[in-house]
Amino acid sequence: MVDNAGATVPNGLAKVQPLELLFRQVSYKLKGSNQSKNLILNETCGAFRAGRLTAILGPSGAGKSTLLNVLAGFKVSGVSGQFLLNGEPRDLLAFRKMSSYIAQNFEMLSLLTVQETLRVSADLKLPTGTTTLQKQIILDDIIEVLNLHSCRHTLVRDISGGEHKRLSIGIELVTNPPIMFFDEPTSGLDSVATYQVMGYLQRLAHNGRIVVCVVHQPSSRLMQLFDDILVLAHGEVLFAGAQHEMLESFQAAGFSCPQYYNPADFVLEVGSESSAQRCETLITQNKSKYDSLQSFDSVPADEQTAFLELSESSSVPQVLRPKEQVGFWYQLRILMHRHLRAMSRDTIAVQMRVIMHTIIGLLLGVVYWQIGNDANKVISNVSCMFFIILFIFSGNAMPSILLCVQDAPVFIREYYNGWYSVRAYYISKVLADLPLQLLCPSLFIGISYFMTGQPPDLARFAMCWSMCVLTAFIGHFIGVIGGTLLSMQLAIFIVPTVSIPFLLFSGFFIRMRELSWFLRPICDFSFFRYVFEGLMRAIYGYQRGDLPCHEDFCYYKSSEHFLKDFDMSGDMVHSDGLILGLFLLVLLVTFNVSLHVCIRRAL
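With full-length UniProt numbering, the residue at position 267 of the sequence shown is 267, and numbering never jumps.
Rather than coming from a laboratory, the hints here were simulated on the basis of the structure.
In this text, a Cβ means the ideal position worked out from N, Cα and C, and glycines have one as well.
Some hints could be false.
List time: in silico DSS-like cross-link candidates among lysine-lysine, alpha-carbon distance up to 27 Å [to be verified]:
no., residue 1, residue 2
1, Lys29, Lys135
2, Lys97, Lys135
3, Lys323, Lys135
4, Lys429, Lys135
5, Lys29, Lys289
6, Lys97, Lys323
7, Lys429, Lys289
8, Lys29, Lys287
Just the calculated beta-carbon pair ranges, DEER-fashion [stated by the list, open to error]:
no., residue 1, residue 2, range
9, Pro127, His337, 18 to 26 Å
10, Trp329, Leu133, 15 to 23 Å
11, Gln104, Glu245, 23 to 31 Å
12, Leu133, Val586, 45 to 53 Å
13, Ser65, Ile500, 35 to 43 Å
14, Arg49, Gln285, 18 to 26 Å
Build out the structure end to end from the sequences listed, making use of the hints.
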C-alpha cells in the first residue's frame with residue numbers, strides 16, 4: 001500500500017475497521033460544582049470519521065485538552081452527553097481497548113533503547129498467544145512506518161524531540177488501534193519536525209483510522225494536512241466538519257477571513273476576541289448540524305443512532321481501565337527484566353552508588369584505622385558505627401527518590417492503559433531493587449569493618465552486616481515512598497527532615513534515661529535506635545570481656561560496662577533485628593499504598 005507521499009505502508013498496520021465517532025451535547029463540569037463558571041465544556045457537538053485527520057483548534061483555555069480527555073474516556077465523572085460509535089451507544093470499556101491516547105508529555109524510561117521500549121510495549125499489550133516472530137514483524141512495521149531506523153538502538157534519552165514523538169506514536173501502534181487521540185503532538189518541535197510528525201499522523205489516518213489531535217496555532221502549510229477541523233472557544237464548538245467548509249461557515253456567521261490569511265490564525269482570533277454571545281450564530285449552526293437527528297425513524301438506516309447518557313450523578317467510576325492482556329507471571333518477568341536493564345545503565349543512581357559505597361568505606365577505614373579493639377577509643381568507635389548507619393541510610397534513601405520520581409509518570413500511564421497490575425509492578429520493583437540493596441551495604445561494611453579493627457568474628461560480622469542491610473532497605477523504601485508521593489524538590493527536602501527526629505532519639509546524642517519522661521516513648525519509634533543498639537551489641541556484647549588498654553587507665557575497658565552505661569545491656573541483636581523487620585514490613589505496605597494513592601491522584 002502506498003500513501004499520498006509515496007511511502008510504502010506495511011500491510012500489518014494498514015488494515016483497520018472503519019469507524020465513526022459522533023458526540024452531541026457533551027458537557028463537562030468540575031466535580032462538586034454547580035457554578036456556570038466551572039462549566040468547562042458546554043454542549044459540544046461534532047463527529048470524527050475514519051480515514052480523516054482531525055485537528056482541534058482553539059485559544060488557550062478553550063477546553064481543548066479537556067474535550068480530548070472526555071472523548072478518549074479519561075474523564076468520566078462530571079461528564080454528560082451522547083457518545084455514539086458507528087451509530088451505537090459507546091461502550092466505554094470496549095472503546096478504551098480499541099483507542100489510544102498520547103498525552104502532550106509522554107513519559108518513557110530514558111535508559112531503554114527505542115527497540116527495547118517498543119518490545120516491552122508489544123510484550124505487555126499484545127495477547128499471550130502472540131508469538132515472538134509476530135511481535136518482531138509488528139515492531140519492524142512500526143519502525144518502517146515511523147522512520148525510526150536510525151535510532152533503533154539508541155537510548156530514549158539520546159533521541160531527538162521528533163523521534164521521541166514518533167516513538168510515543170509507535171508505542172500505541174503496537175495494538176494497531178483504529179482510534180488515536182493526540183494532545184499537542186507538535187509541542188516543543190521545530191517547524192521541520194512538526195511537519196514530519198503531522199505527516200506521519202496523516203498517513204495513519206488515511207490508512208483508515210480516526211486520528212484526532214489538539215494543535216496549537218498551526219502554520220498554513222500544516223493546515224493543508226488536516227481533513228477536518230474542530231474549533232473550540234469558551235468551552236463551546238464554533239465549527240466541526242471538513243476544512244474546506246470552515247471559512248464558509250464563519251462567513252455565514254459574519255466573520256470574513258482576509259485573503260491570503262492563515263485560516264488557523266483567523267479562527268483563533270475569532271475565538272479569542274469574540275465573546276460567547278458574538279459567536280452564538282456559529283455555535284447554533286454547529287449544533288443544528290449534529291442535532292438534526294431527532295429519532296430512529298427520521299433518519300436513514302445507516303445513520304440511526306442510540307444514546308448513551310453519562311452524568312455526574314450516574315454511578316460510573318472515575319476511570320475505566322482496560323484489563324491486562326497477559327498473565328501476572330508474564331507481567332512480572334517482563335517488568336523485572338526492564339527494571340534490571342534500566343538499573344544496569346543508570347550511571348548516577350546505580351553505578352555511582354556502588355562506587356561511592358566503596359570509596360567512603362575505604363575512607364572510613366583510613367580515618368578510623370584499627371580503633372575497634374582499643375579500650376581507649378571506644379567513644380570514637382561508637383562515632384564510627386553511627387557514621388556507618390547514617391551513610392548507609394542516606395546513601396540509599398536519596399538516590400531512590402530520583403529513581404521513583406522518574407518512574408512514577410511511566411507507571412501511571414502504563415497502568416491506566418492496562419499494561420499490568422499494581423501487584424505486578426510492586427513486586428517487580430521490590431525484587432529488582434534487591435541486588436543493589438544487598439550489594440552496596442555489603443561492600444561498605446565489608447571494607448570498613450575489618451579496616452577499623454572490629455572483632456574478627458564471623459558471627460559478630462554477620463550481625464553487623466544484617467543491621468546494615470536492614471538499614472539500607474529501610475532507607476531505600478523511605479526514599480521510594482517519598483519519590484512516589486511527592487515531587488522531586490519536595491521529596492529531597494521532606495525525607496531528610498523527617499529523618500532528623502529519628503536520629504535525635506537514636507541514643508547516640510543523648511541517652512534515653514537522660515530524656516524527659518514524656519519524650520522517652522518516642523525512642524520506641526526510632527528505627528535508628530534499634531540499628532544503633534544492634535551494632536553496639538554485636539560489637540561489644542555476647543561476653544566479649546575486657547578490651548586491650550594501651551593507656552594507664554581506660555574507662556570503658558570492660559565491654560559490659562560500656563553497654564550498661566549506654567542502656568544497651570543484653571545480648572538481644574535478634575530482638576533489634578525483629579523490630580527493624582517490622583519497620584520494613586510497614587514500609588513495604590506503605591509503598592504499596594503509595595502506588596494506589598499515586599494512581600488515584602492522577603485522575
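Taking the hints in turn, this is what the structure says about them:
Between Lys29 and Lys135 the alpha-carbon distance is near 42 Å, which puts this suggested pair outside the 27 Å criterion. Straight-line distance between C-alpha atoms of Lys97 and Lys135 comes to about 19 Å, which keeps the hinted pair within the 27 Å bound. With a C-alpha separation of about 20 Å, the suggested pairing of Lys323 with Lys135 holds against the 27 Å cut-off. With a C-alpha separation of about 25 Å, the suggested pair Lys429 and Lys135 falls inside the 27 Å cut-off, and the hint holds.
A distance of roughly 24 Å separates the Cα atoms of Lys29 and Lys289; the hinted pair therefore holds under the 27 Å criterion. Restraint check for Lys97 and Lys323: the C-alpha separation of about 8 Å stays at or below 27 Å, so the hint holds. Restraint check for Lys429 and Lys289: the C-alpha separation of about 52 Å exceeds 27 Å, so the hint is violated. Under the criterion of a C-alpha separation no larger than 27 Å, the hint pairing Lys29 with Lys287 is consistent with the structure, at around 19 Å.
For Pro127 and His337, the hinted distance range of 18 to 26 Å is satisfied, since their beta carbons lie about 19 Å from each other. The beta-carbon spacing between Trp329 and Leu133, approximately 22 Å, falls within the hinted interval of 15 to 23 Å. Range check, Gln104 to Glu245: Cβ separation about 28 Å, and the 23 to 31 Å hint holds. In this structure the supplied range 45 to 53 Å holds for Leu133 paired with Val586, their Cβ-Cβ distance being about 47 Å.
The beta-carbon spacing between Ser65 and Ile500, approximately 41 Å, falls within the hinted interval of 35 to 43 Å. With their beta carbons about 19 Å apart, Arg49 and Gln285 fall inside the hinted range of 18 to 26 Å.
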